[in-house]
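Now that you have both chains on their own, put them together as the hints suggest.
Protein chains in written order, with our numbering: chain A, 1 to 287; chain B, 1001 to 1625.
Treat the hints loosely; a few may be bogus.
To be verified - Okay, derived cross-link-like pairs now, SDA-like style, lysine to any residue, Cα gap no bigger than 25 Å in a straight line:
1) A:K67 <-> B:D1464
2) B:K1396 <-> A:F282
3) B:K1396 <-> A:Y272
4) B:K1439 <-> A:A218
5) B:K1320 <-> A:K67
6) A:K112 <-> B:A1371
7) B:K1081 <-> B:D1109
8) B:K1396 <-> A:R284
Simulated from the structure, these hints should not be mistaken for laboratory data.
Please read all numbers here as calculations on a predicted model, not as lab measurements.
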Amino acid sequence: MLNWQELTQSETAGTGIHRLDPRVKITMLIITGGLIVFLDNPVLLAILLAVGAAGMLIARLTLIKLKVVCVVVLLGLWGTVFSQALFYEQVPRTVMGTLISPGTPVLGPLTKGVYIYREGMLHGLRQGLRMATMTTLGLLVCWTTDSRLLLLGLVRMRLPYSLAFMTVTAVRFIPVLLRETMQVVTSAKMRGGSRLSMQLLSPILANCLRRAGTLAVAVESRAFRAQDRRTYLEELDLSLREKLFLTGYLLAAAAVVTCKTSYFCYQYGLYYVSALRPVYEFTRVYL
Amino acid sequence: MTRYKRILLIVLVIVAAGGYVFFRGSQEIAAQVEFTGQGADILLNLPQEVATVTVTNEAGRLLSVITVGPGARQKIPVFIKWEPDKQYAFELALRDGRGVRLTGRTPADELEKVSFVLQAPYGLSRTDSTGVVPAGSAFTANILLTSHTDQPVNVLLDLVIPPGVEVLSVPQGMQAEQRGGVQHIVGRRRLAAINEHWNEQIVLKAAQEGLEPVIQAVANIDNGREQWQMTGHAAVKVATVADIARNIRVQAVEVPVDVTGRSDPKARSGSLVYAPASRLSSLAGGKGEHARLDDEPFTYAGIQLSNDGDDHVLALVTVKIIDPASGALAPVFVSPAHKNAGLGYSYGVVDLAPHAFSQVILPVYLNENSAFGGRYKLQAEASVFGADQVISGADKEIQLITRNDRPVIITLFMAMTALLGIGWLIWRQEAALARFTSKELVIISLFGTVTFVAVNLPETVLWDMARAVLGPFSFLVTGFFNQTVLYALLVALVVVLPHPGAVTLMIIVRFILNGFILGHFTPVQILTCAVLALCLEVALYAAGVTRKREAGPDTVGKVALLAVACGLVDVVTTYMNFMAYMTLYRLFYAHWYINAVLAAGFLYTAGGAAIGCRLGSTLRRTALD
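With the rest of the complex left out, here is chain B (with noise of 0.2 Å):
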């Protein structure tokens, strides 16, 4: 294959894996449109990011274009008048540069001059359906009055409250009256504007279990041409909460899903990944250190429940994600203070249907500034709208994972130079080694010796020992070995022998020394040492150590660039080695614990540096001789 071909090939593949990233992301949008009073909803079969819709009617000309706010939308109102019977066209515009063009038809007749609902206990999803409430608990009858007509309407509503249910607050403008032995709440509203709301919530209680109650809604209406009657009947039935209970049961909870209920299938269940945004992307624009992500979801919890009575019951189901150890809200889990009422977990109302399973989707929110990963506990709890008693729960662990990148790059990169080391070292063999007298290996040789029995051996010792009795805080003892001493033999030996290589070759024989007489052959080890390597060479090639060639360091200036270099692999490679130790081990180290073994550690290792200049210095003539 000539070398045009390969380019080719190359450029093929990248291409070919751009395109794939590319449409894999565009799954098919499909969408429809519900002309509505207010003009028109368009609903979306996924959340999609929607930058502006236009809308056009039947003739062509531009009725509206409306700029849509951040965010993914799966619902959005379109505030237009329409016609009857006429069609109408909405092209979406996606901020991913995709767009959605679809047609609706209007109804052939117009919407009734007024709508009248009339719900109790309010949030059933249907106003034609009985719904159960607990005895003694308070409920909430919703009625909604719209004006669909330019011409101002006067409204009269009687509220008819039957036997058995006590109204605990009638709300401002409207009067509770007694007539023939049943209470009325009535009230008047003109309304004026087409699209104007009269909306009122009436609180009721239901005294006596067994009882089923219908209250019923009359609106009188008028025109000024004429006058008509719109009626709402709304079924209670009142039961006590065990009889609900026995009946509501919380089936499954699965998280993650998406706002859909849908849940990934290539998510494990209970499982959340959560990368940090890193510092590269934040300054590209993305999100700032202490931006929090809260203000969107971080995922959604499915709640199924069922319900195996014969009337539909409002439940209030609550998402609360808790640390297992104090039995407390997860700070991390904790949904923002604007955000659920301030009550910190997510919660939700839903109808459940009689003998039918339902499923509620309640967002999760994550806090970035607390983001420890773990397992949680989520307690997912229903209870009967208006009681407080909690009547079917369900927990399920959840187990964060926060993906911290560089750790695993770092490591991946040291693996990286390990391994064109070791391949490095294989294929060139004795030709990289032929630059080197005989007289040469024999000192590096024996500076791996001294190397060995100066710090490996007193290390091994004193390292464990130090360790346990000082834990952590051991670097700073151990630090004269491990970097003192080291850094001054392997310093010393460039000075001796001046030679790019030389410090690789006396790294890897003691390496070697401390696998055959120490038994340390750690992968930890082989990483390090190839990076020490490799830092060591750049930072004594870079400093003029072995591009020079000549007598070592002999200013005070020379000392100090080498000291600061030296001090600087040193800085370099330790923190890889905290990286590796973090991936390979699963280990953790605070930021603060790092810094500080990086700061002492330069301290040492500078020091280390400037007495290798000295005993370099002296050693020299000697190795010459």
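Only chain A is shown next, with the shape it has when bound in the complex (with noise of 0.2 Å):
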């Protein structure tokens, strides 16, 4: 039986990957964002794929986690196979059968026709690649830090601190939350009532304005934004390791980057330099 709060919380296991700076964690995971955008050679994304799971390897996350990143994983693989089987749009394409024929009444002549495409199948695999890399890799950075020190990193990141405040809180509302949701739901059970509906949002919200406003009460009797600046009982510091492995990854992504757009400029015409060509064929076959 799946379990929410296992599977959302962080696990303390202390791996090396557990012990990175949580701004780190957040940079490498923006900058893999990005670079998986420009990144168009399959290898290179079935590299990036296998060091997320070989460092939840590492991480020695629990066997449920491992399995539930598996199922999601393919899950969403073949969601983007399944829908670019269907809307592959480039040539060659073979048709291997017809899920909507141009005859079907009503629908044929809307879509004219609905073919499921054997390289539509194979470009979704190579295309689904990205999004299980960044899923995988979120993962592991969840699974791997506590959501406040990744709260922490986000705040020295210059992220203001009253949404720093705002997303603890939240969080904290979680348990809250499903706890209110289970009572009001065996409520409206014990009432004859539905188990989920739209109506239950009523009264689950009505307790949380409640909450919130004895919360809010609580935190500006404690001070809450009553300086401008503000100190942390913890406090973060990027070793000499972390900063080099960071400046390294960010360069090799910067470079990824620029030669994917210049090859972009050039393959559309819209700027070309010839002493770039070594560049373009670069690339061309190897990005």
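Listed below in structure tokens is the structure:
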């Protein structure tokens, strides 16, 4: 049985990945998010996905979490494969089957026929690697970092403190809200009502709003936003190795982005420099 | 730097950029004049769009003004009557506003009264060369007589067919005769006017390889005052197809090239970029939506052939672009029915000079209505003219890139919105949030939590499950959570807290929660959140919810207005989301599918917004307590 709380909480195993500064993880996630948009080589995308998977193994995540990752990634891949098998718009494309024939009443003329294309499935698989990579890395980061530390990392990266406070409040409220929901559902069931409906939102939210008033008084009595500058109990320090790693990764990503951008401009006839021909060729073949 | 200097600098930069773009396009035009029996031919170094040609003589007297039709031309014939050893001036007015002036001196002597050309096989570029024809195949002897005098002339033409060559068809008005064991084709014609032609093609057949027959033509001409004779010879070598094929090779295929065969150093070989005309340019008088590009060649293919033999060979070169999956001609590259004799592919006849390379330039047409990007295969084949057998060929992979700017532009807009939003958040920091009380911040974060629990958590499970089962049609199921519940909560929040920025804060909190707990930190989500926040803030302000800061919509009309506004916001953001996926993840979506998702999304969202109005009204009192 899936347990949401277990799945959404970070683990405290003391591996190197756990000990990494949260800012390193967040920055890596942002850089990778940008990088995968520019990469087209399926081998490189598969390598990035493999790095994420290897990170999960190194971080010694529980089996249930590994299973969840596999299911989420496979379902995501399947969704992309399915959609691209139907909507693939490139040549060559080989029809493997017909989903909606052009002669089908109403839907046929509307869609002009929906077919399953073999090349579309392969395209969907290649492109699905991008989403799979981000899902894997995102889960790796959130499962190996305490949410408090992640937030501290974001604050150190200039996220406004009030927003950080709101996020912490939201995180802390999740179990309260789940408990509240269960109570409302139980009372609704006892009155013979339906299990889940939009009407349940009203009592749940009303209760939460009452708590909000109490919480606001509590935080203000503890000098919330009393001063512009605030101090923190925990401080984050980037080690030299982390700095070097981040710099290297950032430079590599910047190089890829520059190459791909120049190639894109060349390919679409926007900007061309003959001296960059080796770069264009390298980008076309390897990136 | 003062403000004035800044403006001046910007103006200078714009002027410099404009000047560069303007003058970069004006390549130097070189032209020359060749006088012909009909007048003159103006030959340009590059194809140009010429509007008019004005011709004047030495005295400056205007002789003719010729209006040239649309389309780029490299050779412009001018029909004038010229006098020997005189200078004539030609002024070309180009459609881009430029002009070219050139002069030419006519030959000292008048042209012959009658010119006479014999070509066999027809198509050879030189009449004094020997052409090879395959044994047993048909070839054509072409005879062209042109009168260059006002006086009528009578021509008696006698074509001598040597042994070993069979006449397959005799043109109408001519007759075959046998004289001394040699076959003659004889005909008479009167050329009454200047520039009148007599052109005949006689189909012959070379029976046996190894022969080298010489076809002779004699034209006896009489203009009433004098008689003279003109003769022509055409030597033909008969060989087997195998012998000819041994020397002919398709050496290279280059695509794209221009009409002169030069390849653009900027373009990657085999890569074609097609940018459809935007609807905006269509409205501004450009091509209509159903217009096809295929009347003009999209580009050209240059096929380089080599002939290692000792004789000229007439080769038929074809270029077919096929779909690699089906092997059939790719519809996008099928030439229009009124071009290439309706065959659907381009062909050309080229005279392959001995021990030389020759290039044939063939047009490549593109049908806009079926312009699917992807990989195609270009098949270039050469056969000896007159024989069906392909003697050499080469394949080249063609990649057609259909440039669709809309998704890129929309994604860039989303990225700019996200960057500006993040920048503003970092720059303004607490000042932006100071407008909210602590209680309001807590309320927003609570709504963020509820949204996360009621939308994101079920979505994580349902979305993937529904996508796995229903594929792209999963939006019919997930729309309830993605749109109805989400917008119900968003609208409820602004009804409770009708402040500009409240929705944005809730979206940010939800995004961070989603990232922290479910690991959903993807570029598309950042862009979608940024655009959703912007559009919702604008819509809610425009609908009066956050502008008037009063109790939520209390009439059916106001609720309907808010529902429609939210529905439109969902349509816009969902559409942008599709564009972002198409650009960043290179995914494809059919138009009908996007439209279906948008229509369903509008209904789900409008319903959610209406529910949110009611929900917000019931919560408002509790919140204000």
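*For the pair supplied as a hint, K1320 of chain B and K67 of chain A, confirm whether the alpha-carbon distance does not exceed 25 Å.*
The given pair, whose Cα atoms are some 52 Å apart, is violated under the 25 Å limit.
*Given the proposed pairing of K1396 of chain B with R284 of chain A, does the C-alpha separation stay at or below 25 Å?*
holds, 18 Å
*Under the criterion that the straight-line Cα-Cα distance not exceed 25 Å, is the pair K1396 of chain B, F282 of chain A satisfied?*
Holds, at roughly 21 Å.
*Keeping to a limit of 25 Å between CA atoms, is the pair of K1081 of chain B and D1109 of chain B held or broken?*
holds, 14 Å
*Mind checking the alpha carbons of K67 of chain A and D1464 of chain B for me, to see if they're no more than 25 Å apart?*
holds, 15 Å
_Check the hint pairing K112 of chain A with A1371 of chain B against an upper bound of 25 Å on the C-alpha distance._
holds, 17 Å
*Pair hint outcome, K1439 of chain B versus A218 of chain A [Cα-Cα no greater than 25 Å]*: Distance ~10 Å between K1439 of chain B and A218 of chain A Cα, so the pair holds.
*Starting from K1396 of chain B, check that the Cα of Y272 of chain A is at most 25 Å away, please.*
The given pair, whose Cα atoms are some 24 Å apart, holds under the 25 Å limit.
Of the numbered hints given earlier, the model fails hint 5 alone.
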